[in-house]
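Residue numbers (this note's numbering), protein chains in the order written: chain A, 1 to 505; chain B, 506 to 1010; chain C, 1011 to 1463; chain D, 1464 to 1916.
Some hints here could point you the wrong way.
[Stated by the list, open to error] Here are the simulated DSSO-like pairs of lysine-lysine, each with C-alpha atoms no more than 30 Å apart in a straight line:
1) K676/B with K1786/D
2) K1165/C with K171/A
3) K1856/D with K1897/D
4) K1869/D with K1415/C
5) K1416/C with K1618/D
6) K1001/B with K1749/D
7) K1045/C with K126/A
8) K380/A with K1045/C
9) K1618/D with K676/B
[Unchecked claim] One-sided excerpt, in silico: chain B residues whose CB lies under 10 Å from chain C:
10) H513
11) G531
12) Y532
13) R533
14) V570
15) T574
16) E628
Hints are computed from structural coordinates only; laboratory data are not their basis. Ideal Cβ positions, reconstructed from N, Cα and C, are used throughout, including at glycine.
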Amino acid sequence: MNRKATTHVNQNEGLIFERSRPGRIGYRLPALDVEAAPIPELIEPSLLRDDDLAGLPEVSEVDVVRHFTRLSTWNYAVDYGMYPLGSCTMKYNPKLNERVARLEGFAAAHPYLPEALAQGNLELIKELEECLAEITGLAAVSLQPAAGAQGELAGLMIIRKCLQSRGGPRKRVLIPDSAHGTNPASAAICGYQVQTIKSNSRGAIDLEDLRQTVDEEVAALMLTNPSTLGLFEENIEEVCRIIHAAGSFVYMDGANMNALVGVARPGDMGVDVIHLNLHKTFSTPHGGGGPGAGPIAVTAELEPYLPFPRVVRETGPQGENRLRLDYHRPQSIGRVRAFYGNFSVLVRALCYILSLGPDGLREATETAVLNANYLAHHLKSDYELAYDSQLMHEVILSDKRQQRFGVHTLDIAKRLIDYGFHPMTIYFPLIVPGAMMIEPTESEGREELDLFIEAMRSIAREARERPELVKNAPHHTRIGRLNEAEAARRPVLRWKKEQKQENQG
Amino acid sequence: MNRKATTHVNQNEGLIFERSRPGRIGYRLPALDVEAAPIPELIEPSLLRDDDLAGLPEVSEVDVVRHFTRLSTWNYAVDYGMYPLGSCTMKYNPKLNERVARLEGFAAAHPYLPEALAQGNLELIKELEECLAEITGLAAVSLQPAAGAQGELAGLMIIRKCLQSRGGPRKRVLIPDSAHGTNPASAAICGYQVQTIKSNSRGAIDLEDLRQTVDEEVAALMLTNPSTLGLFEENIEEVCRIIHAAGSFVYMDGANMNALVGVARPGDMGVDVIHLNLHKTFSTPHGGGGPGAGPIAVTAELEPYLPFPRVVRETGPQGENRLRLDYHRPQSIGRVRAFYGNFSVLVRALCYILSLGPDGLREATETAVLNANYLAHHLKSDYELAYDSQLMHEVILSDKRQQRFGVHTLDIAKRLIDYGFHPMTIYFPLIVPGAMMIEPTESEGREELDLFIEAMRSIAREARERPELVKNAPHHTRIGRLNEAEAARRPVLRWKKEQKQENQG
Amino acid sequence: MRYIPNSAQERAQMLREQGLDAIDDLFRSIPPHLKLAEPLNLPPALSETEALNYFRSLAARNAIRPQVLSFLGAGAYDHFIPTITDALISRSEFYTSYTPYQPEISQGTLQAIFEFQTMICELTGMEVANASLYDGSTAMAEAVLMAERITHRSKVLIAGNVHPEYREVVETYISPAGISAETLITCAETGTVLPESLSSLSEDVAAVVIQSPNFFGGIEDVQAIAEEVHRAGALLVVVVAEAMSLGLLRPPGACGADIVCGEAQSFGIPLSFGGSYCGFFATREKYQRQIPGRLVGLAYDGQGRPGYVLTLATREQHIRREKATSNICTNQGLYALMATIYLATMGRRGVREAAEQNTQKAHYAARQIAALDGYRLRFTAPFFNEFVVSCPKPALETLDRLLEKKIIGGLPLARFFPEMKQELLVCVTETIPKAEIDLLVEALREIGEAIYS
Amino acid sequence: MRYIPNSAQERAQMLREQGLDAIDDLFRSIPPHLKLAEPLNLPPALSETEALNYFRSLAARNAIRPQVLSFLGAGAYDHFIPTITDALISRSEFYTSYTPYQPEISQGTLQAIFEFQTMICELTGMEVANASLYDGSTAMAEAVLMAERITHRSKVLIAGNVHPEYREVVETYISPAGISAETLITCAETGTVLPESLSSLSEDVAAVVIQSPNFFGGIEDVQAIAEEVHRAGALLVVVVAEAMSLGLLRPPGACGADIVCGEAQSFGIPLSFGGSYCGFFATREKYQRQIPGRLVGLAYDGQGRPGYVLTLATREQHIRREKATSNICTNQGLYALMATIYLATMGRRGVREAAEQNTQKAHYAARQIAALDGYRLRFTAPFFNEFVVSCPKPALETLDRLLEKKIIGGLPLARFFPEMKQELLVCVTETIPKAEIDLLVEALREIGEAIYS
Ligand SMILES: Cc1ncc(COP(=O)(O)O)c(C=O)c1O
Ligand SMILES: Cc1ncc(COP(=O)(O)O)c(C=O)c1O
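Generate coordinates for the entire structure from the input sequences, incorporating the hints supplied.
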């Protein structure tokens, strides 16, 4: 069909509930070994459920294995090939990390183990905090946030708490129009009004404009650097100076740190708070939508406000080094989640950092940036480059040249599927009409990049010569484009016995 | 496309050698920590290779993961659906067995561990031997044979050795015309002439014929029971009597034990030696062609001839129970392989037996036989049943009715692929022209069986109405029928730098 | 580096094609003095073997069975996990894929989430459930924020027997939003919320938040509480930290709860020191456009073939930005899949049997302990698999003594409730054999007797 | 039972459809008195948890690192195994599929085998290799049988320094075939085969079988031996039990071997107490139709698309029956895949580096041990990663003393060579850190000194 992909037979599979048959069994527990009392004698019948859990399926182990194995074959995956979602950093997820995270000593450890019996885990947390502090160039790190968005929220709360201690939380947070949706959403939850600031023609922050906008009601600037346009904020230092001069803080969205690790450090640029996405920059798997981890790093001034508990090193009675959890943090913003964070993700991230080491981390960054620029270099002849400045880890194209054939970004994305690729991020950032945001990461080898270039060029040709082919794509998937508008109009969000999901064709 | 399957985008992938690029790296070893001497000073240069291993690829870990993950998606698997290969017993491979076999204590144990330090493994071997002895109703078991065919060879050697001790090895081995190819092949390696005996019209051994054929030059009868026709040898006892009367032995090919476990025992029928295929009856994975394990069970008389070493229980100086390896077996046929057998397969098989228990094992047998009869019941209207006797675990159909449309067994098999199934075993047993040998096993649920019936019926219809559709199948796979004749005429058995495997279309 | 396909040679070649000679040229937009002069100060790269050994050594410094017996629960439960769960989530197609933005090549993930949403609805007795939230505590925080959006009231009443860490999280989330939280005093004897205590709810209360089974293991009378709460026009949020209880207890939805949220860790998710877990969130259909997080819905393609898509996206940050119902983006997808696999494998009968075994074993343990001199059950309310024991000695001392016998006897409640010096929160799940319960009981007896003798 | 989808109800229903009322009706062809009256006498079914605990308890009764340090080799080698090997062979599509009889839906397995065949050819310096045999010992037996088929001669000469268990296997295989084996005496000093000893080979010798590195670790002069063997019109079979040596040593194919076979366990396959392993078999193209076992070859479909198929099947039992080149059917497919993944991951540089580390570490250990009073290297031939040490005390006694220090010092050769009472076969691979070698040396020193003091 084409050099990258073809079609092959693929199993159908209904909902697990449709596989259910009365009497099928998929488990075996050890027999109850204590003398049993009738449940109603232990708990009043009025408190017990009386539906016999009829809604759960009855299937055998074989049914379950077949069901989910078949479902899995409908997904695209990093292990299949390039997954160029811009701003998502879909890099290779090392199998060693998976193995390490499953070690019994980690997987079976209860969060309330006495500290003396959890020294391995506390050491792991502390060590990862120290690695990330070094990587970001900031003073202290908290691993508690469960994802980037929660990191943003925690970071803003820290800024708010600090400002409060200085007299008042202030009212507004400045956010560039190119920012990810979680930025304004987090600011809102944190009780701030969002003031959008326009990017200039070069996709950067307009310093003049910024000077005008900043006043003593501005709590912080939320800056993504490199921006979602794939550009490094060249005036970052001046930006920080302006913000700091107004007594406000610079929050950096670190989702794009894969462009900087080992090359430059936000702390050195004047950033006060940053979140990292371990599930992006540090290779932990996305898992089809999480779990992730969104550690935050802050300056020494802000350290007291970090979520509690904090893992601290101390020397024990026998002078031995040990770690403990410090809950007495009077200035802390509090907790943002139960326990200590997405620990199983933290294990993977530390394994990644230790496996690469300083040189490997830098090599990864350099290769990621190289790959992105390589794509831009070979694609700009067929597609409009949103900004022709020096790119970092990703490139943003637009459908400007294809529109005249009635072909839009969505069509190009869907057609890529026929070519064996997962589409890029589309229609984001919002300031680029018909944006196509492509982030190859360092995990792509040259041939895969070339195949992608070949596919994109071929689609550009198709857009000119056979636009319908592109507009009706994908053609090689088990189902075609789904009617999302209709789905949202009359949402069906769960299976019901009555309603069988029948073919409506 | 049809209820069972459709087509979906699928990745292409060349040979790993084609991915190779100078300088790519896929591993990292700890640095050498002893003082190194120049290799040529340790080993004469004339003994060292000078090709720098140029023939091996240079790829990254990501390349390897992508390569083999993509390749895997081109395979059909038990975890995808019904795999009705007759006589292969493609049942579900429990994940618990896989987990257990990977326990460090098993996986990292060296075969020459001092016995005192390998008691767990010796116990496992002994326990599995005891379970299989109980299941077959025979006195002793050896787990050394690596697969069924090697079990056959070992079993025949035991018979030969025993006969020798009685005066002479004798000359011939009787093998029914329905037997699997490994039977005659094993007999030949064991130095016997093969005398084929015809199955009668009911697919059974003709007793009269047998009486005529047996004489004092017959070493053994190799009998598959149930036969490869899926039929239980009703006169098994009489057959054994006749053979024993002539002073020869009955070897039973136990590949089809999935029809008998927990219901009847070969030992009780008069069988002297039997091999089992743990990778069939006892759920260990086929692995795309092994490893398997072909334990043999024998009568008390033949026990002394089993391969050495034997695991024996004994009581130690402190009266403790312990196990040791007994190498002093003067009458043994010797070894059939190094060490003690495919141990990692043995672990899985024991886990299967202990997980099912006596009732589960019987339930599996009953369900396997029920499923096969269910298929026969619903397919005989469209396909010719080779034998209309009471079936056990598998059903043999033929293409007799389809031939008149120019559609043959091979076509039907290939067309099944389009319907999302792996084909059945075809053209075996040889005595059934255009045989289609279907073994569902107990792992198939009713819906999957019904889908198979539906597919087979639909193919029967297509054979009548659109024969070309069937004759050119498969249509939904990434490649079509391959020219095997041509491949055998000019065999290309390895990749060479020069010759790129190019599309010849 | 083995995770980076392009070799140094290839990289050099690719640079040349772009007319560049040094990698550094690609970073020219970074002011030179901001570039690191020397490598990061991190340990040198470890080989695979070294890394594995290092993490093994760390893991070995945590105490797990069989080194210790543990009766810890309190929001993280040790339940049986079918082996196939890990085998299936280890399929690359599941764990190395992204949030299913492109349905045509993400149907595996989407259908699994749709099944998860359905199962959560069935278990909680609610009409709609989302694709997961970070964990039980943040699910509770999102519930409070949603209640405020719906009622436009700014006060929440949170029962004093809700998991203390969950309450801390809510405090953190609501303070900037100008929502105030008050603690609902619970009955000192039963340890549960007394419906009467809600009879005179003020008009500014957006929601009352209770947990059942509560932090002390007690089962709340959700039905009666719901009536009181609704009478005041407030919403009832029921938090479930021990989801296994749903296998046995009346679903909160059937008792009138408006939002049921909590932690699905009990469904096949390893303890892993408190994370990753899987928050769940369910409510009434009428509130579905107020739900935080991802929702998967049924859709059809041009040929009428059914499939699944992320839907009602207009609630979400990537569309609505500051007006979104939540800032959540990445959630706990793979762990929702784990829970789905667990629930499918255990199924109707398995979840029920597991839940009953928890109850039977916990009650057996409670009976035995309560029969010991000096020990008693602190609260009288019916419980599921956790209960509070008042010890003759301070709980901390008791625990130290137990630890000498390699037993972690439970959680000392003084950690969260300073006044509960003698109290111990004990959890018994189906994974604890009778023999281990008896060891605990015997050890407690010895410790107890030591006082009187 | 959870592995059986159809429930009792469904089975009853399916029976009824066939007009039967009892399962037993399906077994009516079995004479009643042959049917088991009561259930098999086996332990009752174990739950998943119980089974896991039981096997864990068995596994715990085997000594592995870090409980013991081991210097065991002798045909089974402890080498580094990349984590991705297990991750990839754990893909259901690989391990739950059958022998690739249907190429259109087995291309994954077929292409991988084709790559394996190619890699084995590259490593051994031969022209064709098969898809695998059971293990190294049976590969050697098949080689002898093939040599007989080719030469129609009935005698084989097997070097005395070939792995004793391999020789035992050959004895078993050839005796019925009427082939006789004689032992080729090796040099007492070098421990290797002296080419001269082959100068007057009789005309009835089908093949000479040597192992290199041999059982004592010594590297044979294959080239010189090949010349002698060929002069007599016999075939030279070279067995390789430590395949890692191929990363460093001149390939037997380049030295004139006619058949190179052996054990691929060193390439990513766990020790697992001696199996499953992976036998390999390579020879000259002119003998390809005499090869035992599966062969995968290139083929094209109607549209000229390349693919792979099992080929030259006319050699095999399912076609040729008693005239087949071997009776082998199921072989070691998944383990050949493991080796393929290992060789791809380590690649050209990795295999070389691993091989060199083995040599360096083994020679370091040998130097240190030889420098100890009373200890010496028994043989003078160059070696790869194994060598024979003559101890001042009986080897068995020495080993017992070492075991007290949790060290398994190697294999006592008396086990196979009664006259070698003092001799110990020591193996050092890349997985053994210098510190562990030094522990062994130090322990041996102490044991040695104990004599003289
Ligand atoms: C630039 C940017 N900021 C923030 C986020 C939010 O991170 P998370 O999804 O981990 O909450 C993302 C991830 O999509 C992002 O791309
Ligand atoms: C009836 C029969 N006998 C013997 C064998 C040979 O067993 P194995 O492939 O394990 O050597 C088989 C397997 O194909 C078989 O079906």
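Against the structure, the hints come out as follows:
1. K676/B with K1786/D: holds, 16 Å
2. K1165/C with K171/A: Judged against 30 Å, a Cα distance of about 22 Å means the pair holds.
3. K1856/D with K1897/D: With Cα atoms ~25 Å apart, K1856/D and K1897/D stay inside 30 Å; holds.
4. K1869/D with K1415/C: holds, 28 Å
5. K1416/C with K1618/D: Distance of about 66 Å is beyond 30 Å: violated.
6. K1001/B with K1749/D: holds, 17 Å
7. K1045/C with K126/A: holds, 26 Å
8. K380/A with K1045/C: holds, 28 Å
9. K1618/D with K676/B: At roughly 22 Å apart (the allowed maximum being 30 Å), K676/B and K1618/D satisfy the hint.
10. H513: At 8 Å from the nearest chain C Cβ, H513/B passes the 10 Å test, so the hint holds.
11. G531: holds, 5 Å
12. Y532: holds, 6 Å
13. R533: At 4 Å from the nearest chain C Cβ, R533/B passes the 10 Å test, so the hint holds.
14. V570: Check passed: Cβ of V570/B comes within 8 Å of chain C, closer than 10 Å.
15. T574: holds, 6 Å
16. E628: violated, 19 Å
The structure shown violates the earlier hints numbered 5, 16.
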